[in-house]
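K.L.:
Since the structure of chain A is provided, determine the placement of chain B on it from the hints.
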Amino acid sequence: MAEVKARSLAVLALAVLLPGAWISQGLADHEAVFPMPKEKQYVDECGSCHTAYAPGLLPARSWLRLMAGLERHFGEDASIEATVRDRLTRSLVELAADSPASNLLMQRINAAIPAGDTPERITRGGFFKYMHDEVPAAIWNRPGIGSPANCGACHTKANSGRYPEREILIPK
Amino acid sequence: MKQLVLVLAALASPLACADTHRQVLDQLVLAAGSGASAAQGERLFRMKSDHGEAASCSACHTDDPKAAGRHVRTHKAIEPLAPVANPARFTDTAKVEKWFGRNCKEVLDRACSAQEKADFAAYMISVR
Chain A
70 MAEVKARSLA VLALAVLLPG AWISQGLADH EAVFPMPKEK QYVDECGSCH TAYAPGLLPA
130 RSWLRLMAGL ERHFGEDASI EATVRDRLTR SLVELAADSP ASNLLMQRIN AAIPAGDTPE
190 RITRGGFFKY MHDEVPAAIW NRPGIGSPAN CGACHTKANS GRYPEREILI PK
Chain B
16 MKQLVLVLAA LASPLACADT HRQVLDQLVL AAGSGASAAQ GERLFRMKSD HGEAASCSAC
76 HTDDPKAAGR HVRTHKAIEP LAPVANPARF TDTAKVEKWF GRNCKEVLDR ACSAQEKADF
136 AAYMISVR
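One line per chain: the protein sequences are A and B, in this order.
If you use our numbering, the first sequence corresponds to residues 70 to 241, in order.
If you use our numbering, the second sequence corresponds to residues 16 to 143, in order.
Isolated chain A (complex conformation) (with noise of 0.2 Å):
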């Protein structure tokens, strides 16, 4: 009798405990958060233009020919102190979407980026796409947020590297 209940005891946390851990492959909301450089530089100088990406939102290689080419930056010169420039780099590549820091947000978002692809442009990614196809444009064409590349207009907390789905505030 003793045994029978143990028996039906283990099939039960089995059964609780395998799609307990399924589903817990998935993302949870609190799990939508990426580390953060911590310079104050990194909001100071590169958050004073546009949102302070999170750096696990690329890869290591794209930062290193981002922070290289800054004085050529998507069509400005955004030329920073070379030891600032160095210092943030090198947090950059430490929490980069494909480093050993990596969270499982982190990995899926390299898993989407082809190996021989070196992107500059983080909306541009098999994961961004993913996760806001369900956006319109008239949304991105609000005059709050303008484009793709302002998280900071929706993701409340973008520049502390959190994008969970309850901290969304979309400006009318």
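Keep in mind that the hints are not guaranteed to be accurate.
Below, a list of computed lysine to aspartate or glutamate pairs in the EDC-like style, where the Cα atoms sit at most 16 Å apart [said to hold, decoys possible]:
id, chain 1, residue 1, chain 2, residue 2
1, B, K120, B, E131
2, B, K113, A, E145
3, B, K113, A, E140
4, A, K107, A, E163
5, B, K113, A, E114
6, A, K107, A, D155
7, B, K110, A, D113
8, B, K113, A, E150
9, A, K226, A, E100
10, A, K226, A, E236
11, B, K113, A, E236
12, B, K113, B, E131
13, B, K120, A, E140
14, A, K109, A, E150
15, B, K120, A, E145
16, B, K63, B, D79
17, B, K120, B, D65
18, B, K113, A, D113
19, B, K110, A, E114
20, B, K110, A, E150
21, B, K110, B, E94
Here are the simulated distance ranges between beta carbons [stated by the list, open to error]:
id, chain 1, residue 1, chain 2, residue 2, range
22, A, L238, B, G48, 47 to 53 Å
23, B, D41, A, N172, 48 to 54 Å
24, B, K113, A, A180, 34 to 40 Å
25, A, I239, B, Q38, 38 to 44 Å
26, B, R37, A, A207, 45 to 51 Å
27, A, S216, B, S49, 52 to 58 Å
28, B, K113, A, R190, 22 to 28 Å
29, A, A180, B, R125, 42 to 48 Å
30, A, L238, B, R58, 38 to 44 Å
31, B, E112, A, A184, 40 to 46 Å
32, B, N101, A, R190, 27 to 33 Å
33, A, S229, B, K113, 19 to 25 Å
34, A, P233, B, S49, 37 to 43 Å
35, B, D41, A, S216, 37 to 43 Å
Don't read these hints as lab results, they were simulated from the structure.
Just so you know, these numbers come straight off a predicted model, no measurement behind them.
Don't be surprised by glycine CBs; every beta carbon is placed ideally from N, CA and C.
P.N.:
Here is chain B on its own, set in the frame of chain A:
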């Protein structure tokens, strides 16, 4: 006592800021060598160049120095330029020089002269 300290701090902070604006302007005027003209500064602010999307200050900062702006390419929100609307402006010389460096190049395709910087700052600080 705590309340008194808070009241004093609240009273002192606009004064402290005004003081800092003055110091930042003084340094720019010193570099210019011959005073500063707010009227010339306003002309520079309202001037249109032929340099692409960012052809004027107002492309990102709007025509009103007291209004919040928006980066012409990235659409990131930009706080107002005039200290009367945003007291943190023109309080840090290094920051002021950095943005003159970037934005003069962006809008005018050249560096601004010391005179232009002093005039521009004089105008912004004079806006009421």
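K.L.:
Look at each hint and say if it fits the structure.
P.N.:
To see whether the hints hold, each was checked on the structure:
A hinted pair counts as satisfied when its Cα atoms are at most 16 Å apart, and K120(B) with E131(B) qualifies at roughly 13 Å. Using a Cα cut-off of 16 Å, the hinted pair K113(B) and E145(A) holds, with the two alpha carbons roughly 15 Å apart. Taken as a hint, the K113(B) and E140(A) pair is honoured in the structure, with Cα atoms around 14 Å apart against an allowance of 16 Å. Between K107(A) and E163(A) the CA atoms are separated by roughly 11 Å; this keeps the pair inside 16 Å, and the hint holds.
Of the pairs offered as hints, the one joining K113(B) and E114(A) holds, with about 10 Å between alpha carbons and a cut-off of 16 Å not exceeded. Taking the CA atoms of K107(A) and D155(A), the gap is about 14 Å. The hint holds against a cut of 16 Å. Using a Cα cut-off of 16 Å, the hinted pair K110(B) and D113(A) holds, with the two alpha carbons roughly 10 Å apart. With a C-alpha separation of about 10 Å, the suggested pair K113(B) and E150(A) falls inside the 16 Å cut-off, and the hint holds.
Taking the CA atoms of K226(A) and E100(A), the gap is near 14 Å; set against the 16 Å cutoff, the hint holds. Only pairs whose Cα atoms come within 16 Å are accepted, and K226(A) paired with E236(A) is accepted, the gap being roughly 7 Å. A distance of roughly 33 Å separates the Cα atoms of K113(B) and E236(A); the hinted pair therefore is violated under the 16 Å criterion. Distance restraint check for K113(B) and E131(B): the Cα-Cα separation of roughly 15 Å lies within the 16 Å cut-off, and the hinted pair is therefore satisfied.
Our distance criterion of 16 Å between C-alpha atoms is met by K120(B) and E140(A), whose separation comes to about 12 Å. Straight-line distance between C-alpha atoms of K109(A) and E150(A) comes to about 14 Å, which keeps the hinted pair within the 16 Å bound. Restraint check: the Cα-Cα separation between K120(B) and E145(A) comes to about 9 Å, which is no more than 16 Å; the hinted pair holds. For the suggested pair K63(B) and D79(B), the alpha carbons sit about 15 Å apart, so the restraint of at most 16 Å is met.
Only pairs whose Cα atoms come within 16 Å are accepted, and K120(B) paired with D65(B) is accepted, the gap being roughly 13 Å. Between K113(B) and D113(A) the CA atoms are separated by roughly 12 Å; this keeps the pair inside 16 Å, and the hint holds. For the given pair, K110(B) sits about 10 Å from E114(A) by alpha-carbon distance, which is consistent with the 16 Å threshold. Taking the CA atoms of K110(B) and E150(A), the gap is about 13 Å. The hint holds against a cut of 16 Å.
Distance check on the hinted pair: K110(B) and E94(B) sit about 14 Å apart at the alpha-carbon level, within 16 Å; holds. Here the CB-CB span from L238(A) to G48(B) is close to 49 Å, well matched to the stated 47 to 53 Å. For the pair D41(B) and N172(A), the supplied restraint of 48 to 54 Å holds, since their beta-carbon distance comes to about 50 Å. A hinted range of 34 to 40 Å for the beta carbons of K113(B) and A180(A) is consistent with their spacing of about 38 Å.
A beta carbon spacing of about 42 Å between I239(A) and Q38(B) agrees with the range 38 to 44 Å that was offered as a hint. As the Cβ distance of R37(B) to A207(A) is approximately 47 Å, the hint placing it in 45 to 51 Å holds. Taking the beta carbon of each, S216(A) and S49(B) are about 43 Å apart, not inside 52 to 58 Å as hinted. As the Cβ distance of K113(B) to R190(A) is approximately 26 Å, the hint placing it in 22 to 28 Å holds.
A180(A) and R125(B) have their C-beta atoms about 46 Å apart, which keeps the hinted 42 to 48 Å range intact. Separated by about 39 Å at the C-beta atoms, L238(A) and R58(B) satisfy the suggested range of 38 to 44 Å. Checked against the hint of 40 to 46 Å, the pair E112(B) and A184(A) passes, with Cβ atoms roughly 43 Å apart. At about 31 Å, the beta-carbon gap between N101(B) and R190(A) stays in the expected band of 27 to 33 Å.
Between S229(A) and K113(B) the beta carbon distance is about 24 Å. The supplied range of 19 to 25 Å therefore holds. Between P233(A) and S49(B) the C-beta distance comes to about 56 Å, which lies outside the given range of 37 to 43 Å. The hint said 37 to 43 Å for the Cβ distance between D41(B) and S216(A), and at roughly 39 Å that hint holds.
Of the hints listed earlier, those the structure fails to meet are numbers 11, 27, 34, in rising order.
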